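2 protein chains.
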Amino acid sequence: MLKKLNLFIMEEESNKEDIFRKLQELGGNIVAQIESGVFPKISIPSRNVNNIVYDEKLRQYILGPQKVIRSAGNIRLIKPLTQLIWTAWFSLRLLRDGKSFTLRELYYQSKNFPILDFEEQKESDEIVTDLEALLGVPREEFGLTPKENSKIFGDIDIEYKVPVKFKGKIENLMTSPDGKAIGMSIATAKFLKCRAKMVIAIEKDGIFRRFIEEEAYEKFKAILIDTAGQAPRFARLLIRRLNQELKLPVYILTDADPWGVHIAGVIISGSANAAHIKGLVTPEAKWIGLWATDIKKYKLPTLPMKERDLKRLEELMQDRRYHSDFWKKQLREFKELGRKAELESLSKHSLSFIVDEYIPDKLEEIS
Amino acid sequence: MLKKLNLFIMEEESNKEDIFRKLQELGGNIVAQIESGVFPKISIPSRNVNNIVYDEKLRQYILGPQKVIRSAGNIRLIKPLTQLIWTAWFSLRLLRDGKSFTLRELYYQSKNFPILDFEEQKESDEIVTDLEALLGVPREEFGLTPKENSKIFGDIDIEYKVPVKFKGKIENLMTSPDGKAIGMSIATAKFLKCRAKMVIAIEKDGIFRRFIEEEAYEKFKAILIDTAGQAPRFARLLIRRLNQELKLPVYILTDADPWGVHIAGVIISGSANAAHIKGLVTPEAKWIGLWATDIKKYKLPTLPMKERDLKRLEELMQDRRYHSDFWKKQLREFKELGRKAELESLSKHSLSFIVDEYIPDKLEEIS
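Going down the list, the sequences are from chains F and P. Quick note: the first sequence uses this note's numbering, first residue 789, plus one each step. Quick note: the second sequence uses this note's numbering, first residue 789, plus one each step.
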């Protein structure tokens, strides 16, 4: 019966229906085990660090083949199994109603079910991560909203799916010069007409604003995204969708320091602690600057690297994600310089230098 | 001639023109002194801690009557005078072009003028604060954009003034269910038709989203603002303008802890380190929850206060801003309980409890 349901799914709704179906199957599976007289159990991909492997083909960290079992037949495991099933039930209900919730709200809701016995939010967060691993999708796809402070500005029309009141409403994302907040609604919206030719993801609020004031969105036909530091998950989901569904090239702009490198790295190939999720990375995205090699080239004012910068740099040099010639060269250059530079340092030349000179240079250089 | 200029100022543009004129007067004043053969000097309100006084009538901290002198006749003071005049010149130019800039960009731009000799950004930030004190307006009004991550959602039409490309464009702020980012453009826009009857400022992203999903904006005819923690300056400016220009009552919703109290306190009566600025506070705004007394009333799950919470609580108990009976009672209750609660704890009852039960209760209680 669950299989049959699948036939009626409309193309554009497939993702939500898919998760809906997976959650229902999870429940159906438990019920079937109980009805056939056995202790119900579930097998979940292990998130143990020795089960995290780098997949060269997917170009991201993924979980290996190891599994863990949650079984009602083991007194020690009955609690996490119950917690997992309740969390799945709660998600299913919210998803059906087109509502979302935060990790914090989930934790407090659980207080109504003393049997769940989550002592701290850390415990319920863990169970949510188990559910992500089990379903293979990020939690935002089953209704859990991460904290968001990213923004978007660009010439694309979208059609909202959630919340209920906004279903079917169409909006252009270039009407608000301060940017529109990226949350569940924008990240999951259907893309309609898009007049942009590329995506530029920017680490910093101030530079995002600079790009709008200097009309970079027109000059480069670009959708601008302010990741506000490390890109939150909805921003990563949206960047991936713009790249995969609309075939837009994605360019990432960060400070020239190890933290900037890693902001780009996480957009491109994900983070180790999200190895249990596929669907958030954009392997085709390119880091276009500030490169370590830009520091000399553009005669930028620099700052000395501090101990924590140097420590982070060493870590990145060991990281599989940064083993290509390009990354190696950049990381070596940082090490030799012992200095870092910020995007704002380009404004030494003029406020509009970054848009008038730097980006055109870079787009030519990488093409 | 400068005075005459004033006659041609259109009503709605008065603020920008006002600052423009003040900056021009500052420059004119310097030039006049030089031409009359004296070393130019400027007197600035002192920001020394013993010149910060609480104004009972304005209900905010302000600077007292003490002044400091910046004079070109003193070898020690010629540098800060030069820095101040350059900063004013830079602001004037940007303001004229309808552009904005960040503190970081200002610092790097100064690198083109070695005579300014700012060693660290801290120094140029200080000069900006001097300019704020001198003009008596927050820096965002002379083009400097603070970092922003607040959002708005509500039924009001606005007309943008900046950036240039958007001047005169009209937008409704209830079209994006993830919220619109509050930056310089929204904070300085002209208010047109407003169908809302109140403003609800919320400390947290997740609860802001909850209010949108539960359609609280319709239920209470409310403009919702996500302050994302301590309200950034554009959010405070916007809240004040909505209150003063449109006479909308403002209600503030935070966690029940000393930090939540102070988020409300800063919106209502400003912060001590912004004592040199008027125009960012909303004395009429009301903190409607979570109160310390709500913890027992709504049987909320709590967390123990940690040492830093208790230390902060003691500080607030000493603070002039919290000396009314209402605040005293709340702070005492916190101290007796030794516990705190989060907005999300209301979701123990149900996800929509905060909108369906709690807010209506509160609005009745305070009216």
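Note that these hints are calculated values from the structure, not bench results. It is possible that part of the hints are untrue.
Copies of the same chain are indistinguishable here, so a pair counts whether it falls within one copy or spans any two.
Claimed, not checked - With a straight-line Cα cutoff of 20 Å, these simulated SDA-like cross-link-like pairs (lysine to any residue) come out:
no.: 1; residue 1: LYS804; residue 2: GLU1103
no.: 2; residue 1: LYS935; residue 2: PRO1020
no.: 3; residue 1: LYS981; residue 2: LEU1119
no.: 4; residue 1: LYS981; residue 2: THR963
no.: 5; residue 1: LYS845; residue 2: LEU1119
no.: 6; residue 1: LYS804; residue 2: PHE979
no.: 7; residue 1: LYS899; residue 2: PRO1089
no.: 8; residue 1: LYS935; residue 2: GLY1017
no.: 9; residue 1: LYS1085; residue 2: THR917
no.: 10; residue 1: LYS1087; residue 2: PRO1020
no.: 11; residue 1: LYS978; residue 2: THR963
no.: 12; residue 1: LYS1136; residue 2: ASN900
no.: 13; residue 1: LYS1136; residue 2: PHE878
no.: 14; residue 1: LYS899; residue 2: THR1090
no.: 15; residue 1: LYS899; residue 2: PRO1092
no.: 16; residue 1: LYS1084; residue 2: LEU1125
no.: 17; residue 1: LYS1087; residue 2: ILE903
no.: 18; residue 1: LYS1007; residue 2: LYS1116
no.: 19; residue 1: LYS1123; residue 2: ASN960
no.: 20; residue 1: LYS1009; residue 2: PRO951
Note that this is a predicted model, so its numbers are computed, not measured.
20 Å Cα threshold - placement of GLY1017 relative to LYS935: both (13 Å within a copy, 12 Å between copies)
Identical-chain pair category, LYS1087 with PRO1020, by Cα at 20 Å: Close neither inside one copy (32 Å) nor across copies (34 Å); limit 20 Å.
Identical-chain pair category, LYS804 with PHE979, by Cα at 20 Å: within (16 Å within a copy, 39 Å between copies)
Copy assignment of LYS1123 with ASN960, given that the CA separation must stay at most 20 Å: neither (44 Å within a copy, 50 Å between copies)
Intra- versus inter-copy proximity for PHE878 and LYS1136 (alpha-carbon distance at most 20 Å): between (53 Å within a copy, 13 Å between copies)
Status of LEU1119 relative to LYS845 across identical chains (alpha carbons, at most 20 Å): Neither: 23 Å inside a chain and 58 Å across chains, both beyond 20 Å.
Intra/inter-copy verdict for LYS1009 and PRO951 if alpha-carbon distance must be at most 20 Å: Classified as between: cross-chain Cα gap 18 Å, same-chain 30 Å, threshold 20 Å.
Copy assignment of LYS1136 with ASN900, given that the CA separation must stay at most 20 Å: between (57 Å within a copy, 6 Å between copies)
Alpha-carbon proximity context of LYS981 and THR963, limit 20 Å: Classified as both: same-chain Cα gap 15 Å, cross-chain 18 Å, threshold 20 Å.
LYS981 and LEU1119: within-copy, between-copy, both or neither at 20 Å Cα: neither (40 Å within a copy, 54 Å between copies)
Intra- versus inter-subunit Cα pairing at 20 Å for LYS899 with PRO1092: between (49 Å within a copy, 17 Å between copies)
Up to 20 Å CA-CA - THR963 versus LYS978, copy category: So LYS978 and THR963 pass the 20 Å test inside a copy (18 Å) and across (16 Å) alike.
Checked against the numbered hints listed earlier, the structure breaks hints 1, 3, 5, 9, 10, 18 and 19; every other hint is satisfied.
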